[in-house]
Amino acid sequence: MKSTELSVDTSLQQVVDITDDVAGFVRGAVDGLLSVFALHATAGLALIETGSGTEEDLVATLKSVIPRDDRYLHRHGSKGHGADHVVPALVSPSLVIPVKGGRLTLGTWQRVVLVDLNSDNPRRRVRLDLLSG
Amino acid sequence: MKSTELSVDTSLQQVVDITDDVAGFVRGAVDGLLSVFALHATAGLALIETGSGTEEDLVATLKSVIPRDDRYLHRHGSKGHGADHVVPALVSPSLVIPVKGGRLTLGTWQRVVLVDLNSDNPRRRVRLDLLSG
Amino acid sequence: MKSTELSVDTSLQQVVDITDDVAGFVRGAVDGLLSVFALHATAGLALIETGSGTEEDLVATLKSVIPRDDRYLHRHGSKGHGADHVVPALVSPSLVIPVKGGRLTLGTWQRVVLVDLNSDNPRRRVRLDLLSG
Numbered sequence: 001m002k003s004t005e006l007s008v009d010t011s012l013q014q015v016v017d018i019t020d021d022v023a024g025f026v027r028g029a030v031d032g033l034l035s036v037f038a039l040h041a042t043a044g045l046a047l048i049e050t051g052s053g054t055e056e057d058l059v060a061t062l063k064s065v066i067p068r069d070d071r072y073l074h075r076h077g078s079k080g081h082g083a084d085h086v087v088p089a090l091v092s093p094s095l096v097i098p099v100k101g102g103r104l105t106l107g108t109w110q111r112v113v114l115v116d117l118n119s120d121n122p123r124r125r126v127r128l129d130l131l132s133g
Numbered sequence: 001m002k003s004t005e006l007s008v009d010t011s012l013q014q015v016v017d018i019t020d021d022v023a024g025f026v027r028g029a030v031d032g033l034l035s036v037f038a039l040h041a042t043a044g045l046a047l048i049e050t051g052s053g054t055e056e057d058l059v060a061t062l063k064s065v066i067p068r069d070d071r072y073l074h075r076h077g078s079k080g081h082g083a084d085h086v087v088p089a090l091v092s093p094s095l096v097i098p099v100k101g102g103r104l105t106l107g108t109w110q111r112v113v114l115v116d117l118n119s120d121n122p123r124r125r126v127r128l129d130l131l132s133g
Numbered sequence: 001m002k003s004t005e006l007s008v009d010t011s012l013q014q015v016v017d018i019t020d021d022v023a024g025f026v027r028g029a030v031d032g033l034l035s036v037f038a039l040h041a042t043a044g045l046a047l048i049e050t051g052s053g054t055e056e057d058l059v060a061t062l063k064s065v066i067p068r069d070d071r072y073l074h075r076h077g078s079k080g081h082g083a084d085h086v087v088p089a090l091v092s093p094s095l096v097i098p099v100k101g102g103r104l105t106l107g108t109w110q111r112v113v114l115v116d117l118n119s120d121n122p123r124r125r126v127r128l129d130l131l132s133g
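Chains as they are written, first to last, in full-length UniProt numbering: chain A, 1 to 133; chain B, 1 to 133; chain C, 1 to 133.
No lab work stands behind these hints: they were computed from the structure. It cannot be assumed that every hint is accurate.
Stated by the list, open to error - Under the rule of at most 20 Å between Cα atoms (straight-line distance), these lysine-lysine pairs were calculated in the PhoX-like manner:
hint	chain 1	residue 1	chain 2	residue 2
1	A	K100	B	K2
2	B	K63	A	K63
3	C	K100	A	K2
4	C	K63	C	K2
5	C	K100	C	K79
6	A	K63	C	K79
7	A	K63	A	K79
8	C	K2	B	K100
9	B	K63	B	K79
10	C	K63	B	K63
11	B	K63	B	K2
12	A	K2	A	K63
To be verified - In silico contact screen, one side only, chain B against chain A (beta carbon under 7 Å); selected entries:
hint	residue
13	G24
14	F25
15	S35
16	L39
17	H74
18	G82
19	P88
20	S94
21	R127
22	L131
What the hints assert, rightly or not - So the derived label-pair ranges between C-beta atoms look like this:
hint	chain 1	residue 1	chain 2	residue 2	range
23	C	G101	B	G101	45 to 55 Å
24	B	R27	A	R103	39 to 49 Å
25	C	G101	B	Q13	23 to 33 Å
26	C	D70	A	G28	31 to 41 Å
27	A	R125	C	G51	42 to 52 Å
28	C	L73	B	P67	12 to 22 Å
What you are looking at is a predicted structure, and each value in this text was computed from that prediction instead of being measured. Yeah, the Cβ is synthetic: ideal placement off N, Cα and C, and Gly gets one too.
Could you put the whole structure together from the sequences, leaning on the hints where they help?
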């Protein structure tokens, strides 16, 4: 199993497109299944189109579904942080993408994004583990 | 890694049961992990019971959580299409199912479904990649 | 592929931390990808922090997003059971975790939990399948 870890800066965006880094990791590899895994309890990974507004639409949807107010038992850090802890149950931090001939088998508009509404920690780690076969 | 691609027609249903096709692909295979991967930015995959109304209940839930109105930045195609682009963040297009002795290890009531509320494109592609071990 | 099945008792909690059992299964194994798979149509798996209230916050969020009332076509068992059947579309019963040197590569606060709001059946089965590489 070939592995690496990405460092992702979320200080400027809550939805960060990491597709190029993920594609770079599998370039030249043989076929296999790639695990993309965010090492945090307040972040998720998703496959969406980017650059046309869906990043903002996703953040607005999550804020509507998991309101950033004082309703949560889990309270510490910034206001709304209890909501951050619910996010990974709906947007999983674990994702598997097939690799064929050293390329991610993504559809035309699919991009890999890290979803992180937590502003308290802007440095995020994402593992990549490719199991070949 | 053994691979194929399914073509799924969503013109009649927004939640399509693809279990039989997926099970047929792994029949006779040895043990391994099967990746089921929808190649679209407006579709997801889920494991639910089918035939008892949950398909419609799921569509109603998604329409409630991600309303099909004009709130989205991502606008093109039919009304509500911005909502379609948020769906795969909550219902992931990537799913892994273990295979033992050529059979999917599903629970009694679990079926594999493609979830696609987007009426603009009724032809959908789903990759199947089996990594044996 | 190395496999086992866990039996999880959900009679006391709707969100059950199964991390220790999962970690025990991969102890001593070589590297690989671990599939964690709940064999039920009304349960899901998630990676969240436990012990600080997020379990309850997640249950409250799910009850808000998928209200336990009579709106569902799928009706049988206890009141709200139609909602239980929608849960696995949002909280998938399929999860993949990388394993390195016989350890789950979880982040500091990540725990593996079974999410099951269905009170009709307190005995749940979770498969573990480790594909080494």
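For each hint, the structure was consulted:
1. K100(A) / K2(B): holds, 10 Å
2. K63(B) / K63(A): holds, 16 Å
3. K100(C) / K2(A): At roughly 10 Å apart (the allowed maximum being 20 Å), K2(A) and K100(C) satisfy the hint.
4. K63(C) / K2(C): Status violated; Cα separation ~36 Å.
5. K100(C) / K79(C): violated, 44 Å
6. K63(A) / K79(C): Answer violated: K63(A) to K79(C) is near 28 Å, above 20 Å.
7. K63(A) / K79(A): holds, 13 Å
8. K2(C) / K100(B): Distance ~10 Å between K2(C) and K100(B) Cα, so the pair holds.
9. K63(B) / K79(B): holds, 13 Å
10. K63(C) / K63(B): holds, 16 Å
11. K63(B) / K2(B): violated, 36 Å
12. K2(A) / K63(A): violated, 36 Å
13. G24: violated, 19 Å
14. F25: Constraint on F25(B) not satisfied, violated at 13 Å.
15. S35: Result: holds, 5 Å to nearest chain A Cβ.
16. L39: holds, 3 Å
17. H74: holds, 4 Å
18. G82: holds, 6 Å
19. P88: Hint holds; P88(B) Cβ to chain A Cβ min 6 Å, cut 7 Å.
20. S94: holds, 5 Å
21. R127: Cβ of R127(B) sits 6 Å from chain A, so the hint holds.
22. L131: holds, 4 Å
23. G101(C) / G101(B): 45 to 55 Å: With a Cβ separation near 29 Å, G101(C) and G101(B) fall outside 45 to 55 Å, so the hint is violated.
24. R27(B) / R103(A): 39 to 49 Å: Once the Cβ atoms are compared, 28 Å apart, the range 39 to 49 Å for R103(A) and R27(B) is violated.
25. G101(C) / Q13(B): 23 to 33 Å: Roughly 46 Å apart at Cβ, these two residues miss the hinted range, so it is violated.
26. D70(C) / G28(A): 31 to 41 Å: Given range 31 to 41 Å: violated, Cβ gap about 56 Å.
27. R125(A) / G51(C): 42 to 52 Å: Violated, since R125(A) and G51(C) (Cβ atoms, about 22 Å apart) do not stay within the stated range.
28. L73(C) / P67(B): 12 to 22 Å: holds, 20 Å
In the structure shown, a violation is registered for the earlier hints numbered 4, 5, 6, 11, 12, 13, 14, 23, 24, 25, 26, 27, in ascending order.
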